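Asks: Residue-level listing of the chains:
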Amino acid sequence: MNAMTETVPHAREGETLIRVKGLYKIFGDDPEAMMGHVRAGMGKDELQERYGHVLGLQDIDIDMKAGEITVVMGLSGSGKSTLIRHLNLLVEPTAGVVEVDGTDVTTLSVEELRRMRRERMSMVFQKFALLPHRTVVQNAAMPLEVQGVPVAEREAEARRWLDRVGLGGYAESWPNQLSGGQQQRVGIARALTSNADIMLMDEAFSALDPLIRTDMQDLLLELQAELHKTIVFITHDLDEALKLADHLVILNDGAIAQQGEPQEILLNPADSYVEDFVRDINRARVLRVASVMDPHDPALAVAGTVEASERLEAVIAKAGGDTSLAFQVEEEGRPVGTLHMRDLVRALVPREPEGG
Amino acid sequence: MAFYDRAFDALGLREWCDGGATGGPMTMAELLARSRGEAAGDAPFSLPFPSLDNLHDACGAIPRTRDFTAAIEDGFLAAKDAIKVVLDPLTQPLSWALDGALELFTWIPWWILIPLLVLATWGASKSRGVTLFVALSFLFLGFVDHLDVAIQTLAIIFVCTTLCVLLGVPVGIAMSKRRGLRGSLTPVLDLLQTLPTFVYLIPLIFLFSVTESKLYGIAIILYAIVPVIRLTDLGIRLVDPAVTEAADAFGMTPGQKLWKVELPLALPNIMAGINQTIMMSLAMVVIASLVSAPGLGVLVLRGIRNLELGVGLLAGVGIVLLAVMLDRASKAALERVDRSEGNA
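Residue numbers (UniProt numbering), protein chains in the order written: chain A, 1 to 356; chain B, 1 to 344.
Watch out, some of these pointers could steer you wrong.
What the hints assert, rightly or not - Selected chain B positions facing chain A (in silico; Cβ < 10 Å):
{"#": "1", "residue": "Gln193"}
{"#": "2", "residue": "Ala242"}
{"#": "3", "residue": "Thr244"}
{"#": "4", "residue": "Glu245"}
{"#": "5", "residue": "Ala246"}
{"#": "6", "residue": "Asp248"}
{"#": "7", "residue": "Ala249"}
{"#": "8", "residue": "Gly251"}
{"#": "9", "residue": "Gln256"}
{"#": "10", "residue": "Lys260"}
{"#": "11", "residue": "Pro264"}
{"#": "12", "residue": "Leu267"}
Said to hold, decoys possible - Chain B is nowhere near these chain A residues, computed Cβ spacing over 12 Å in every case:
{"#": "13", "residue": "Glu13"}
{"#": "14", "residue": "Glu49"}
{"#": "15", "residue": "Lys127"}
{"#": "16", "residue": "Glu222"}
{"#": "17", "residue": "Leu227"}
{"#": "18", "residue": "Arg346"}
What the hints contain is simulated information worked out from the structure, not anything from laboratory work.
A quick note: this is a predicted structure, and the numbers were derived from the prediction, not measured.
Idealized CB from N, CA, C, for every residue including glycine.
Whole structure, please, built from the sequences with the hints as guidance.
Replies: Here is the structure:
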């Protein structure tokens, strides 16, 4: 039983587990023939107009690290749902490589692919995609049923995860008796029951009310702190992306606009598209002290100490709104930097477009 | 027909026409025309429709329409033996099933059969009203001495519907999975559904002896199988794509997907198709009495042939009762399926 519950990542934490390299996806009658045009630099609009093919994804390179949450963010039509479906090959790439643990998934046989989907990857869907003719516990046990685990064992495991996501009392209910948030908890429990180390979440919280969504995000972070899955999370909501992401990828029209550490993207947007995106964000809530602090200056008079991981919002409250103060920044009890309140205030204002 | 005479002359085909003249027996129309003395000398500018018969008058080498229908018949008769060699053994089990069911159903004494059927209705529908209606209907049919014929009709419907489901559901599944198959089967299904019911019987009468039960069995199955095929196909294609995607994402095999996801979710539609199939077999079993299908239809036919109004109408009422019973029972079963899937 214990072996089943313990996640055994093949790549060690922090190492690249999923590598997407030079990935292209073209929709149309003869996508391979279009690759030449695209490689020669033909844009999405021209390809659509002249050849009637849609360029879904172009030249995607992402390294997703084991035990991290990689968030892919983009507006609808940016190709993010197509991208996540390449990872378990629900959609086949036109060109490029998707490696999981160094194995190119496009080279797998049908049988090997099925095994990978069963044992390595679970998925959570925007519309929950529960089986309406089965009870909650049967739904949650489905991944193990597919693997041929006996009913008593798989339902015990399913119940354990239902308890964990706060649905202990609903095991015998039908999915349509639950609210949206509860149904998605079943979706998450189902994904966890499969005991796969990779979790694909396709706009998992987008269909939920804002308050429920926040709850679910907290639940996910809580589970992640405990389980250290490799999570690929798709969203169109930047707040959600910034809250969850260890690594953030911003997609625009099928191409990567920018990727990196979320704080870094927020402070240094690569282009006007990303800049527009991050403008409306409540920076005080997202940015952390470590992102705006200066190197440690022991000579400076400070008003107190703050943690490097603290959000700016908390520091403003601590300073009582006084912008003339400075704080000593500490990490695990050691001083690591100095925070001037005026730097903090400056960081709250989005960078103006250069030359604009 | 002077116009076409001149036309063939002008084209220089006169020789070919006369050379190939078949003569042949005189048609009734020609005979009538001759007896009225209208054989020759019609108006110089009359232009009859260039039909086979009219052209034949001008040019003997062209066949008449009745030669054409005779050719169809000859062709069919020529192919008949070959078709029979293949079809006969294939369809023989159908005869056995029909004969066996008829024998079994009429052999069981009424005091076992009626409770059994009422219990089956209860099992399928779990509805008190429907069960009571079925019980009363059977008692009424027994009371007016129509129980035996009604049971015969029921036995035929039972066998044919079972076969329709056994054949139709797999075909429907295959159609839903293969676009090409759907494209080629759809016109066939359209044809089967629009062909007037009597027309089915014509080729079948030539192929099989009227004493064989499979003759009407095949007619009923061909006519009634369409809805169960169509609605199975539709039901599977209507399954929420998000759910089938989830099935793929968790690594289900195509077989697991079919049995655990697609068929259960398509079940309400399949049941609706079965309900239609039952009703259409009932419609056809009445007409099939023309080709010796036993049951209530025989009495209706007697009513028509001998102008026995009372006999025909009473049998008609019996058919209506059967129809309502089958419809209500299968619909109640369908509703139960719907409810248990939580769609209510």
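Asks: Work down the list of hints and note, for each, if the structure agrees.
Replies: Here is how each hint holds up against the structure:
no.	hint	verdict
1	Gln193	violated (30 Å)
2	Ala242	holds (4 Å)
3	Thr244	holds (9 Å)
4	Glu245	holds (6 Å)
5	Ala246	holds (4 Å)
6	Asp248	holds (6 Å)
7	Ala249	holds (4 Å)
8	Gly251	holds (4 Å)
9	Gln256	holds (6 Å)
10	Lys260	holds (8 Å)
11	Pro264	holds (5 Å)
12	Leu267	holds (8 Å)
13	Glu13	holds (24 Å)
14	Glu49	holds (28 Å)
15	Lys127	violated (5 Å)
16	Glu222	holds (24 Å)
17	Leu227	holds (18 Å)
18	Arg346	holds (46 Å)
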